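Participant: Residue numbers (this note's numbering), protein chains in the order written: chain A, 214 to 527; chain B, 1169 to 1421.
Worth flagging that the hints you see were computed from the coordinates, not collected in a lab.
Given the structure is predicted, the values throughout are model-derived calculations rather than measurements.
All C-beta atoms, glycine included, are put in the ideal place defined by N, C-alpha and C.
Any given hint could turn out to be false.
In silico BS3-like links for lysine-lysine, alpha-carbon gap of 27 Å or less [what the hints assert, rightly or not]:
id, chain 1, residue 1, chain 2, residue 2
1, A, Lys358, B, Lys1340
2, B, Lys1290, A, Lys342
3, A, Lys359, B, Lys1360
4, A, Lys342, B, Lys1213
5, A, Lys359, B, Lys1396
6, A, Lys332, B, Lys1323
Looking from chain A toward chain B, a few residues come up when the C-beta cut is under 8 Å (computed) [claimed, not checked]:
id, residue
7, Arg288
8, Asn313
9, Pro327
10, Ile329
11, Ser333
12, Glu336
13, Asp338
14, Leu339
15, Ser369
16, Gln390
17, Pro516
18, Pro522
What follows is each chain in one-letter form.
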Amino acid sequence: MSLTEAVQRFIKNGSQVALGGFTVSRNPMAVAYEIIRQNIKDLHIVCHSQGQSFDILVGAGCVKRVELAYGANGRFASTCVRFRKAVERGDIEVEDYSNNQMSLRFLAGSLSIPFIPSKSGFETDLLHKEGFSTEMRSHRKVARKKFAEMTDPFDSDGGKVVLLPALQPDVALVHAQYVGDDGTVRIKGLTFADIEQAKAADAVIVTCEEIVPKSFIRLDPDQNSLPPFLIDAVVRLPYGAHPTACRLFYDYDAKHLNMYRYMARDDAGFRKYLDEWVLGVANHEEYLDKIGGSGLMTIKADPVIGYRPGLDRR
Amino acid sequence: MADYTEREMMAISAGRLISNGDVLFAGTGVSMLAATVSKRIHAPKAVVFFETGGIDPSLDELPMAVSDSRVMHGTCLNSGLVESFSIVGHRRLHTIAFLGAAQIDKFGNLNSTCIGDYHHPKVRFPGSGGACDAASLASGVIIFMQLGKRRFVKKLDYLTSPGWLQGGESRKEAGYARGGPIAVVTNKGIMKFDEATKAMYLAEYYPGVPISEITGEIDFDIDVAGAKESSPPTAEELRILREQVDPQRLILG
C-alpha cells in the first residue's frame, strides 16, 4: 500500500491516533508529514513521551486534543516547541498522565480490560487536576473520568490503588526496522510501548526500513514483535523516522533537530519550515532528496552498534 | 578560583551518594552524567537503566535522550516501558532515581508540568514523563536543581512528582509503600530531609560558597545549623568525568 492510501484509508478528521516511538527515536515522521499534506484535522493524539512527530502535528494545526505524559526532544528541545506554544495559547486540550500510567492504559486496551490499577501518583496533581471538561468527556473514545481511586479489595490492610481507564485508539502508527512480506513486524532495540499501542488499536499502520521475505523473518521468530493479522497497512519507507533515530539504520539528525527548534520558535519560522520540508515536497522521495545523500550518509548508523559513533551532536 | 565548574561538582556530588549494587534510573542531562559518573567512579557495580527499557547499557557515548540508540547498545536487555517500571518499583531492588524539575518545595515535591494555572499556564513544561512514577515507586530519589527563588518555592504551581508530600508520615498515609527524596543536589550545595519532619535542610555547601548565598536563593525557611563544607572533586573524579564520561562536553558545556 502507498503512504498516501494508508493515511487516506485509516486516518480521518477526529481520529484517535497513538504515536509510536519515544522523543527522538522511531517517530512515525513520514506518516505525520502525510497527515499534514492531506490536511487532516481535529486529531486526538494519545502517547507517552513524544517528540518530533507529535510537535509537528500540533504545530501544523492537525491536533485538537491530546493525552500524554511528556512532550520533548531530549537535549534538542527540553519542551516540544510548538506543543508549548499551543498549550500556552489554549489551542489544544491537554490531559496529563505519567509514562507508567499511559503505558498501562495501552496495556489494558491491548488486553480488552476496561481499566487497570497502578500504585503511581497518589496525591499528585496528575490525579487532582483534570484537563478535559465534562463536555469533552462525552466524546467517543474519551474516558468518562480521568481516573478512580479505590481500596484494594484483596488487601486486608486496605491499601489504595489508582484505576486508569484503558485506551483503544482508532489507529496506531509504528515505524519498524523490518516487516516480513507476510506482515510480521520486527522492531529492533527498545520497543517503548509500540507493541501495546498496536495491540490496543482498531487499525495499525506500519512503516518500515526494509521488507524482508517471510522465510527470513520466520527463521528467528523470537525476535519478532507483532503478528501479521493485526497489521492493516505496511509501507516501505527507508529513513521514514528522520530526523529521529532508527536503531541499526540511522542516528537522529542533530543538525536538523536543532534547525527545527530554531525555526519553530516563532510562527513565521515554523510556517517556513512546514512549507519547505513538508508541504513543499510531494512525497517521501522528494523529502529524502532534500536532505541529500551526504546528509543521509552522515547519520547512517554503524549496523553493529546501532548509532553513528562520533556524530557531531552539539 | 576552583578549577572545576558547578556542573562538574553537581555530577560528582550526586555520584558520591550512590552505593555499589544500587539500580539507577537516569533521565536526560546532568542526571545522565551523574549516573554514568557513579558507575565509572563510585559504584562500579551499580546498574544504570532507562525508563524507555534499556537496561545496563555500555554507555560508550553519552545519550542525548532516554530514547537515544546509545541506551540500547551493550545492554543486558532491551525492553519497553512496562518492563522498565517493573524494575523501578521492584521489591528486591534498591532503586535510585535521578530527577530534575522546574520547581521544588520544602518537602521535595516536584513540578515539571507548568508555571501558572494548569488550565491556562504561563509556561508549559514537558510534563511528568516517568518522573511521577519514579518518585512514586523507587526506593529513593536524588533531585538536581539550580538554586533560585522561582525554583525553590513555598508552593508548587503543579505537583507532578511526589516527594514527602506534607512531611511527617503523609507520604506513607497517601499510599506509597516506600521511597521519597534523599537529597537535592544544587549548583552551590546539597540538601537532605529531616528523618522525622521530612523538611529540607542544608547538609553541605560546596567549597568556598557562603551559606547566605544558598539561603538567599530559597523562598522558604531552611535549617542550616548542621551544614558542612563538601570536599572538592578529586583529580581522579575530574579526569574520569572529563575524559571518559563526557569528552565531547555535550552536557558539561
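Participant: The structure should be examined with respect to each hint, and the outcome stated for every one.
Facilitator: Hint check results:
1. A:Lys358 / B:Lys1340: holds, 26 Å
2. B:Lys1290 / A:Lys342: holds, 16 Å
3. A:Lys359 / B:Lys1360: Violated - the C-alpha atoms of lysine 1360 of chain B and lysine 359 of chain A are around 34 Å apart, more than 27 Å.
4. A:Lys342 / B:Lys1213: violated, 41 Å
5. A:Lys359 / B:Lys1396: Measuring from Cα to Cα gives roughly 46 Å; hence the hint is violated.
6. A:Lys332 / B:Lys1323: Within the cut-off at roughly 25 Å; holds.
7. Arg288: holds, 4 Å
8. Asn313: Holds, because the Cβ-Cβ distance from asparagine 313 of chain A to chain B comes to roughly 4 Å (cut-off 8 Å).
9. Pro327: violated, 18 Å
10. Ile329: violated, 11 Å
11. Ser333: Given a least distance of 4 Å, the restraint on serine 333 of chain A holds.
12. Glu336: Given a least distance of 4 Å, the restraint on glutamate 336 of chain A holds.
13. Asp338: It holds, given that the least Cβ distance between aspartate 338 of chain A and chain B is near 5 Å, below 8 Å.
14. Leu339: Holds, about 6 Å.
15. Ser369: violated, 15 Å
16. Gln390: This interface hint is violated because 11 Å lies over the 8 Å limit.
17. Pro516: violated, 12 Å
18. Pro522: For proline 522 of chain A, the interface hint holds, since the closest Cβ of chain B sits about 7 Å away, which is under 8 Å.
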